[in-house]
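Order-wise, the sequence lines are chains A and B. Heads up, the first sequence stops at 1752 in the working numbering, and the numbers go up one at a time, no gaps. Heads up, the second sequence stops at 1752 in the working numbering, and the numbers go up one at a time, no gaps.
It should be emphasised that the hints constitute simulated quantities derived from the structure, not laboratory data. Beta carbons are placed, not taken as given, at the ideal position from N, Cα and C, and that holds for glycine. Please note that a few of the clues may not be correct.
[Claimed, not checked] Cβ-Cβ distance ranges computed for the label pairs, FRET-style: (1) 1709(B) / 1599(A): 25 to 35 Å; (2) 1438(A) / 1673(B): 58 to 68 Å; (3) 1568(B) / 1662(A): 31 to 41 Å; (4) 1482(B) / 1662(A): 53 to 63 Å; (5) 1484(B) / 1373(A): 56 to 66 Å; (6) 1480(A) / 1593(B): 47 to 57 Å; (7) 1673(B) / 1597(A): 40 to 50 Å; (8) 1431(A) / 1662(B): 31 to 41 Å; (9) 1482(A) / 1425(B): 30 to 40 Å; (10) 1380(B) / 1662(A): 52 to 62 Å.
[Unchecked claim] Examples of chain B residues lying across from chain A (beta carbon under 8 Å, computed): (11) 1363; (12) 1365; (13) 1516; (14) 1580; (15) 1598; (16) 1599; (17) 1610.
Protein chains: 2
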Amino acid sequence: MKFEFQNPTKIIFGAGVLARLGEVVRSHGKRALLVTGGGSVKRNGVFDRAAASLKDAGVSVVECSGIEPNPRITSVVRGAEIARKESCEVVIALGGGSTMDASKVIAAAVLYGGDPWDMIGHGQDNWAIPTRALPVITVPTLAATGSEMNSGAVIGSEDLKVKSFVMADCLFPKVALVDPELTLSVPRDQTAFGVCDLITHVTEGYFNGIDGTPIQDRFAEGVILTAMEWGPKAVADGSNLEARTQVQWAALVALNGWVQVGTAFSPPVHMIEHALSAHHDITHGAGLAVVNPAWMRFAVKARPDRFAQFAQRVFGLSTTAKDNLGLALEGIDKFEDFLRSLGCPTHLSELGIADELFSRYAEDAVLVVRDENGNLPGRPPMSKADIVEVLRSAL
Amino acid sequence: MKFEFQNPTKIIFGAGVLARLGEVVRSHGKRALLVTGGGSVKRNGVFDRAAASLKDAGVSVVECSGIEPNPRITSVVRGAEIARKESCEVVIALGGGSTMDASKVIAAAVLYGGDPWDMIGHGQDNWAIPTRALPVITVPTLAATGSEMNSGAVIGSEDLKVKSFVMADCLFPKVALVDPELTLSVPRDQTAFGVCDLITHVTEGYFNGIDGTPIQDRFAEGVILTAMEWGPKAVADGSNLEARTQVQWAALVALNGWVQVGTAFSPPVHMIEHALSAHHDITHGAGLAVVNPAWMRFAVKARPDRFAQFAQRVFGLSTTAKDNLGLALEGIDKFEDFLRSLGCPTHLSELGIADELFSRYAEDAVLVVRDENGNLPGRPPMSKADIVEVLRSAL
């Protein structure tokens, strides 16, 4: 293990902490851009509560609503124009992963003279990774992406049918104000997709990281076991605040770096899924539910011991009378069973995706992150043919 | 769960990173106070390597050596005087927990006009918790206290025979430069005590935190399981760099807040041990090895299910044909067996401590942290009589 790590975001966590939004924002600025998604926060009253807290604290607010579920660079451009015109000093993300990701890039785009798409890696020669941004306060309304406490953002281009990412220290939110009550009204399917999303964040590091990371392994297993214990309860009864709390905390921890630190992992499942959602506008977590088990069955042969460990520690499967590969495959079956039990799709056909564009998805998956052979990094690295094979197995 | 959390310290981790000390320090100042302990870093060449790196980076160095194993406020006063007189801009802690703790308080004392003992909680009316400090860079040479990446420091008064603590945001080190190679020469007994220390950090939160923290439970178990896997290897063969690396990482994670976050725990075992080491100058980790199992047998009745979980998940003990209390007690026996197998003492007699001062230790243990009834907080809260009972059981 050899690495550097820092995550300066302050967490304020717990049911009811939304009431502190104004006070928190006020310490970063008096004029805020309040970024929201499709309108659920207005329908369920969260927006009004946030607005009241901001008003009480003396923060004036300019709105940027309508961030898409797979956020587009056009929305970033629009948000940055509003923030610049209105002299906003701080950006508030009130929504799910797409709203938070868009907010981060808006916060950087406000201070960037060029086209914000320059900041998103898409195979360009000069990736303008941002070095400064307005302060961002995240207020997640969905337990899924973990974007509330990390430096990453995923943004797509509708024109190019490309969905890609940026990571930069300046994009760490100043504060993640995490109130599980805000997730009580999340529909059953989105709750399930969120659970799948958070689990996939840790499986990427668990299966694609370096050897010799025993604590990180245990932490990843801990997140998965907790998500498997509490996720179904949140899906079964959305009003269960305890379940919502545990799932929300699991989602934050799953991608704030504490689990994967030092593993130097690559996320092949995410790269493949981004290609799918760029073309089909599916929910990221649903796409991951399809790609991850298929990828696991492809990757298991490269690392049967690691998959056997997963089968043993996560599903309590026994080593007796089985070789590691058999045990590993049984663990993958159990994992897919779990996803299905949550209500997640595990086949492309369930997402309405057929095989016409498989080679395009494979091209897109290696657009930004590829090794010296042009392969998608991971364990094992994947050629474009491998990617197509995995997708075909998921039909 | 309802909490706030932030840990801004940057980690630079890995064998060989000591060579980067100069570069790291230089970004925080040109003139450094270099704080060290009893001289092992001079004998094993680490000091010279650190000094060379600092010189190459253009950092001038003033030394403050001789920090005691249980660091004293007199050393803090001395260090702060040197730093002030020599206009140091940054403090480097090159040593174990005592050196790091002293360095943090020195860094605050430099900017404090009063007696530095005001900053250490010892029952005073006005606890002068520091609000500013020089930047601190920690370079641990021992895997134990986790002080390299947290905001706490434990300092004692030789005159008063009191050992107590301070926690303050300004004491978070800017960078924890963690090079497991520096621990290769740590003697076998100190290695074992370090393993006990780190495990005790997570057992405190695990047994004394609130209910309903499943991820934190899993993280704690993960740290313990890793320490139990790799600790004995580091004790058996101090030159095993892989074992040193895993133990070092476990020690850092065990008290940087990632495990206990949100558990709102109190650390009764530490409070009792501090009373012992204030009077007897024993190694903290050795004192914990004595107090922790004795405390567990006292506390088990208050929370048998939690201790049964510990027995199951950490030691793989089975629930069949036993009640939870029986299972729990078996787990505690196994834990004590593990400590003994490492070479740790588990009786006060092994530390040369008899019962003469038991009531004084009990007084000291509640000097700073006590509930409205004057008891030591924890699960369960402990009266002074309880503390004496636990100590008596450890004779």
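Outcome of the hint check:
1. 1709(B) / 1599(A): 25 to 35 Å: The hint (25 to 35 Å, Cβ to Cβ) is violated, given that residue 1709(B) and residue 1599(A) are roughly 49 Å apart.
2. 1438(A) / 1673(B): 58 to 68 Å: holds (59 Å)
3. 1568(B) / 1662(A): 31 to 41 Å: holds (36 Å)
4. 1482(B) / 1662(A): 53 to 63 Å: Holds: the Cβ-Cβ distance is about 60 Å, inside 53 to 63 Å.
5. 1484(B) / 1373(A): 56 to 66 Å: violated (29 Å)
6. 1480(A) / 1593(B): 47 to 57 Å: This hint holds: roughly 51 Å between Cβ atoms.
7. 1673(B) / 1597(A): 40 to 50 Å: violated (31 Å)
8. 1431(A) / 1662(B): 31 to 41 Å: The hinted range 31 to 41 Å is violated for residue 1431(A) and residue 1662(B), with Cβ atoms some 54 Å apart.
9. 1482(A) / 1425(B): 30 to 40 Å: violated (58 Å)
10. 1380(B) / 1662(A): 52 to 62 Å: Violated, since residue 1380(B) and residue 1662(A) (Cβ atoms, about 38 Å apart) do not stay within the stated range.
11. 1363: Given a least distance of 4 Å, the restraint on residue 1363(B) holds.
12. 1365: Constraint on residue 1365(B) satisfied, holds at 4 Å.
13. 1516: At about 39 Å, which exceeds the 8 Å cut-off, the nearest Cβ of chain A leaves the hint on residue 1516(B) violated.
14. 1580: holds (6 Å)
15. 1598: violated (11 Å)
16. 1599: holds (7 Å)
17. 1610: holds (6 Å)
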